[in-house]
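Novice: One line per chain: the protein sequences are H and B, in this order.
For what it's worth, our numbering labels the leading residue of the first sequence as 1, then goes sequentially.
For what it's worth, our numbering labels the leading residue of the second sequence as 1, then goes sequentially.
Because the hints were derived from the structure by calculation, they are not lab data.
Heads up, a few of these hints could be off.
To be verified - Here are the simulated DSSO-like pairs of lysine-lysine, each with C-alpha atoms no more than 27 Å apart in a straight line: (1) B:Lys-58 to B:Lys-107; (2) H:Lys-57 to B:Lys-49; (3) H:Lys-13 to H:Lys-57; (4) B:Lys-114 to B:Lys-69; (5) B:Lys-114 to H:Lys-57; (6) B:Lys-114 to B:Lys-58.
Being a predicted model, the structure only gives us computed values, none of them experimental.
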Amino acid sequence: KAGVTQTPRYLIKTRGQQVTLSCSPISGHRSVSWYQQTPGQGLQFLFEYFSETQRNKGNFPGRFSGRQFSNSRSEMNVSTLELGDSALYLCASSIGTAAETQYFGPGTRLLVL
Amino acid sequence: AQSVTQLDSQVPVFEEAPVELRCNYSSSVSVYLFWYVQYPNQGLQLLLKYLSGSTLVKGINGFEAEFNKSQTSFHLRKPSVHISDTAEYFCAVANYGGSQGNLIFGKGTKLSVKP
Numbered sequence: 001k002a003g004v005t006q007t008p009r010y011l012i013k014t015r016g017q018q019v020t021l022s023c024s025p026i027s028g029h030r031s032v033s034w035y036q037q038t039p040g041q042g043l044q045f046l047f048e049y050f051s052e053t054q055r056n057k058g059n060f061p062g063r064f065s066g067r068q069f070s071n072s073r074s075e076m077n078v079s080t081l082e083l084g085d086s087a088l089y090l091c092a093s094s095i096g097t098a099a100e101t102q103y104f105g106p107g108t109r110l111l112v113l
Numbered sequence: 001a002q003s004v005t006q007l008d009s010q011v012p013v014f015e016e017a018p019v020e021l022r023c024n025y026s027s028s029v030s031v032y033l034f035w036y037v038q039y040p041n042q043g044l045q046l047l048l049k050y051l052s053g054s055t056l057v058k059g060i061n062g063f064e065a066e067f068n069k070s071q072t073s074f075h076l077r078k079p080s081v082h083i084s085d086t087a088e089y090f091c092a093v094a095n096y097g098g099s100q101g102n103l104i105f106g107k108g109t110k111l112s113v114k115p
């Protein structure tokens with residue numbers, strides 16, 4: 001079974017731009033969660049989508065948004081990029097309950113200049 | 001609110017020595033507990049998880065962890081480490097019976113195995 005894939009793997013943007021990251025979950029998984037990983041703050045939960053609906057949301061500004069499509073693929077968008085948005089963005093997929101293992105993709109490394 | 005504390009940010013150890021990575025959590029509700037490993041330039045991989053039942057949990061690559069409810073701890077151990085165990089390890093919690101997502105992670109412990 002193919003794992004979680006994320007595109008692109010690396011991205012360089014400038015302040016004020018917007019960016020869209022993509023995540024394709026493992027086949028059959030309906031939950032996709034997004035996390036931001038930085039050296040200072042560690043791993044922080046952004047949001048989770050389940051069956052095209054946002055089910056949980058972390059404490060991030062409204063510039064961070066996402067969506068999920070009917071095939072469970074998910075996209076994350078960050079508008080008006082700031083230097084502090086430079087991070088590794090990880091997505092994880094699972095069947096959908098808290099007890100289930102989340103399978104992580106390799107991440108998209110975003111650098112904002 | 002839940003929180004996870006990993007007491008050591010870095011742990012250096014020699015090959016074939018035992019290692020313990022410490023994790024304490026705080027939560028007002030029952031939780032599930034996880035240990036993930038992250039190798040350089042990769043995503044996270046599950047090592048093991050505690051859902052219920054036996055407090056000693058065995059995972060992949062020879063790792064095990066013990067859940068201690070009274071001390072709210074979930075320490076990770078390996079009796080003999082290899083160079084290939086060099087990586088960053090994350091402890092995480094999730095709400096018992098809750099929906100997926102919203103894993104709360106600790107800050108991570110970098111394990112460095114020296115020959």
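Novice: If a hint holds in the structure, say so; if it doesn't, say that too.
Specialist: Each hint, compared with the structure:
no.	hint	verdict
1	B:Lys-58 to B:Lys-107	holds, 23 Å
2	H:Lys-57 to B:Lys-49	holds, 23 Å
3	H:Lys-13 to H:Lys-57	holds, 25 Å
4	B:Lys-114 to B:Lys-69	violated, 33 Å
5	B:Lys-114 to H:Lys-57	violated, 40 Å
6	B:Lys-114 to B:Lys-58	holds, 24 Å
Hint violations for this structure: numbers 4, 5, all remaining hints satisfied.
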